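**Student:** Start from the sequences, fold in the hints, and give me the full structure.
The residues making up each chain are set out below.
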Amino acid sequence: MRLFLLALLVLHFPAMAQEDMSAKAWLENMSQALREQEYKISLIQLQADHIRPLVYIHGKIEDKEVAFLEHLNGPPKNAVRVGNTVTFIEHDQPAYSINASRIQGILPPAFAGDISALESGYQFVLGGRSRLAGRPGQLVRIIPVDGFRYGYQVWLDMDTFLPLRYDMLTQDKQLLEQILVVELLVLDDVPAILNEAYKQPWPGVIAQPTRDAGDNWKFKWLPEGFNVLVKDSHRLMGSHEAVEYIALSDGIANISVYVARAGDAVMPEELVTRNGLSLATERIGNAEVVAVGKVPAETLSRIAKSITIE
Amino acid sequence: MDKLGQEWVSAAVDGEVDEQALAELAANKDSHEQWRDYHMIGDAMRGELPKTMNLDLSASIAAAIELEPAILAPAQPKLEETQVTKKSNVIPMFKQFGQYAIAASVALVAVIGVQNYSQETAIDASPLPVLNTRPLVGSVTPVSLQTGPVQQNQGFSNVQMKEQRQRINAYIQDHMLQQRLNNGVKIEDNSGVDSIPVSN
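Chains as they are written, first to last, in the UniProt record's numbering: chain A, 1 to 310; chain B, 1 to 200.
If you are wondering where the hints come from, they were derived from the structure by calculation, not from laboratory data. Remember, predicted model here, so these are calculated numbers, not experimental data. There are no misleading hints in this set.
Quick partial rundown of chain B residues pointing at chain A, CB under 8 Å, derived from the structure:
| # | residue |
| --- | --- |
| 1 | Arg167 |
| 2 | Ile168 |
| 3 | Ala170 |
| 4 | Asp174 |
| 5 | His175 |
| 6 | Gln179 |
| 7 | Leu181 |
Pulled from the structure, derived: some chain B residues nowhere near chain A, Cβ distances all over 10 Å:
| # | residue |
| --- | --- |
| 8 | Ala11 |
| 9 | Glu19 |
| 10 | His39 |
| 11 | Glu48 |
Note that CB positions come from ideal geometry on N, CA and C, so glycine has one too.
**Tutor:** In structure tokens:
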């Protein structure tokens, strides 16, 4: 009997270790797993009324991260990452490469980065456990510290710490975006496709459009945790309108602020799309400030109002 | 093989002989070739011939069967086999891509400069203004305006509405493009850019 209890205790130990882990430790393990492990994830991305099946394969070759993202439905659309270069291969244009640390568009790149950087804007809270993609998963809530940004929740695989489900939620728990993993395969060695991708001569990183140093814009107010990433002046891609541009980020949410000469067409004061992307406009004299980002429209409105020039 | 023998094979092909005769036929190696030919003639007459044929299929199958060890118990499906990642059709695409050699700046414009004029006419007719933008990943997502003065501004002419929509699109597209471009930038290493002091 004593032996049995002892065996039970030993068996329980790894589980106990997980029991004691903080929400932040779970997220840090996820970040490490996303960067270090070799895996293949089949997932479904739900956005407003769009459902997209995708496959993401990740591995390491000669100490470089190699990843491949493929859209399974519709015209071919893929992205390949080797080290810090991401190449987009899309059916309607030649492939092109940019500098990026993650393939954008599925999970927030911050999830594979430094989790501590998110702490000024979010709190991490452990939730319950449930079964996802046939595996036991631990829920970790990423709760915004204020009402100026959206919340997130991720379910992590108990063995590998890889994400099994990701939700983006409004303050009143309305779902904006969801990623559901259908199948998670942990690979023993680098799959052939990544080896192939690693050997391919990808196009060189495109020269960034010239980034003139922008004017000295200041914000009288920014939500806690938001920092300026980039500022410059450039022309908008579609309309070729000259704008002053400032990029803000709190690690997960990204906001673009534009200052431009007001056009003939009046921009809407606030605009919300169903996948969480909002836009707010503030008119100051004959200039207009436009803020765009996946945060509540009121936040953008307040940011647009708070901009000043030195 | 004589004429009579040929007829006999022909009858076998049509399934007009008994099992014992079939066994005899199986033992007679010379008739195998004819067996195959008759089947092929039959297939051709019924128009069931495949596009490409390995004419000596029977020989290769026989060789393969000889190589195969006798199976005493049903083989267990190997676990590894299910784990093998199937080669997808992406690899040929990698190869194909090497042919592209167009100025990257042009490509960049093409990425984001999506102006869906053809759809816009249809949108104008709908009660809810819808803008078409292209998300970073995935197909074009129609997005609807839920708030904002757009719907209420009855005084807007169609031209103004269209212009407004184009401007909104331009901003959203640029925002999305910036998400791709800024992705390499980390908050810590914006040394080249003066950070803006923030007062709360």
